[in-house]
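Asks: These protein sequence lines are chains A and B, in that order.
Counting with the working numbering, you get residues 1 to 201 for the letters of the first sequence.
Counting with the working numbering, you get residues 1 to 201 for the letters of the second sequence.
Simulated from the structure, these hints should not be mistaken for lab results.
Careful: at least some of the hints might be erroneous.
The list treats identical chains as one, so a pair stands whether inside a single copy or across any two.
Straight-line alpha carbon distances no greater than 30 Å define the calculated BS3-like cross-link-like pairs of lysine-lysine that follow [what the hints assert, rightly or not]:
(1) K31 - K174
(2) K51 - K120
(3) K31 - K51
None of these values were measured; they are calculated from a predicted model.
Chain by chain, the residues run as shown.
Protein chains: 2
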Amino acid sequence: MYTMTTTTVERLVRSAQELLWERGYVGTSPKVLLERAGVGQGSMYHHFTGKADLAAAAIERSAAELREASDASLSGQGSPVARLRRYLLARREVLRGCRIGRLAYDPEVVADHTLRAPVKDTFDWLLRRLGEVVEEAQQAGELPATLDVRSTAATIVAVVQGGYVMARATGSSKSFSAAIDGLISLLEGSHPGGGTSSGPA
Amino acid sequence: MYTMTTTTVERLVRSAQELLWERGYVGTSPKVLLERAGVGQGSMYHHFTGKADLAAAAIERSAAELREASDASLSGQGSPVARLRRYLLARREVLRGCRIGRLAYDPEVVADHTLRAPVKDTFDWLLRRLGEVVEEAQQAGELPATLDVRSTAATIVAVVQGGYVMARATGSSKSFSAAIDGLISLLEGSHPGGGTSSGPA
DNA sequence: GTCTATAGTGTGATAGAC
DNA sequence: GTCTATCACACTATAGAC
Chain A
1 MYTMTTTTVE RLVRSAQELL WERGYVGTSP KVLLERAGVG QGSMYHHFTG KADLAAAAIE
61 RSAAELREAS DASLSGQGSP VARLRRYLLA RREVLRGCRI GRLAYDPEVV ADHTLRAPVK
121 DTFDWLLRRL GEVVEEAQQA GELPATLDVR STAATIVAVV QGGYVMARAT GSSKSFSAAI
181 DGLISLLEGS HPGGGTSSGP A
Chain B
1 MYTMTTTTVE RLVRSAQELL WERGYVGTSP KVLLERAGVG QGSMYHHFTG KADLAAAAIE
61 RSAAELREAS DASLSGQGSP VARLRRYLLA RREVLRGCRI GRLAYDPEVV ADHTLRAPVK
121 DTFDWLLRRL GEVVEEAQQA GELPATLDVR STAATIVAVV QGGYVMARAT GSSKSFSAAI
181 DGLISLLEGS HPGGGTSSGP A
């Protein structure tokens, strides 16, 4: 499935990332994974101790990729609220769901500390990072100082994660977009300045 | 696991409901399900055509229960915004996640129309019902008429669903509560009347 | 209507040739 | 370092006794 110049380990990890995203940990079998990677079983057990070990490597890679993509939206140029909008309106493969968030519903990921840690760390990081931007927005007068920073950050994360769940349940990305739009309206409506005049874009 | 006066079909459906909630469809095997129900394999294949058929009955029952519980919060006495608060602050087994929402991340539920339909229908119903209450709130002057009804309803559903995901990922119900609190603050902050005086109790 | 026995396939891991 | 062969066990379903 990948080019011949790609290493075996690389093919294994990428296949695991894809299948964990599509089917989760309990829904992914070594057989299907190896077929997708185009390698034999021996290679996997040479480089990893087993399914869980390979999954851990794949989850850690996906977590790092997600952090990088999120930080690209939340950092850099633009006012704090403009960066929050950029994060919320970033292009996403909505119907595939969140590759990290979906693992929170996988019983074996939640039960295994090694598999769960990168999932927890990703959410802890995202909540902290969004909290920083919310706080910047308050200091810039773009959001009311009365909003609790941590609660507001949690609401933002929840809308994105819940948007994915709704979209997959209804089979349409429209419910995702609606949830994001609703949140943006609420954030804009809470401007200290009041009215509808100071949209951040 | 259930009393002897419970019928075999009842025990099968309840066990399936529990396991689908805990482990999803791909993570649930007939063997474990039958052990929990305390019945033999023959009974299950007498009353149902197989795992998928039993799962369909269990999902439909869970969907009906969820609708009933949600409507109990959203209907009845109280102002529209008070009912929204009651819905958002209802007691929930947060760390178990949403028994219907979690199925949106199950690849075989999403792929099978019979399994997926009750999941989709539940979200469609909830979005519609929340939309009605949001509209009532606008007519009562509790929420600004500028808010889009469907978007606001989608945001409310998303915060609950995303709150579950965060809580399971972080291992703490605090992130769920924070997301709910953040949403309530945003809804209150968007009061047409403006300030902080008119909280709905 | 319930049970146990059995079947065929897949799972996750190991052994050992090359 | 990669492969195929093989293992013990679990999965989902069927058969047939009671």
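Asks: Next, verify each hint and record whether it holds.
Replies: Here is what the structure says about each hint:
no.: 1; hint: K31 - K174; in the structure: neither (35 Å within a copy, 39 Å between copies)
no.: 2; hint: K51 - K120; in the structure: within (20 Å within a copy, 32 Å between copies)
no.: 3; hint: K31 - K51; in the structure: both (10 Å within a copy, 23 Å between copies)
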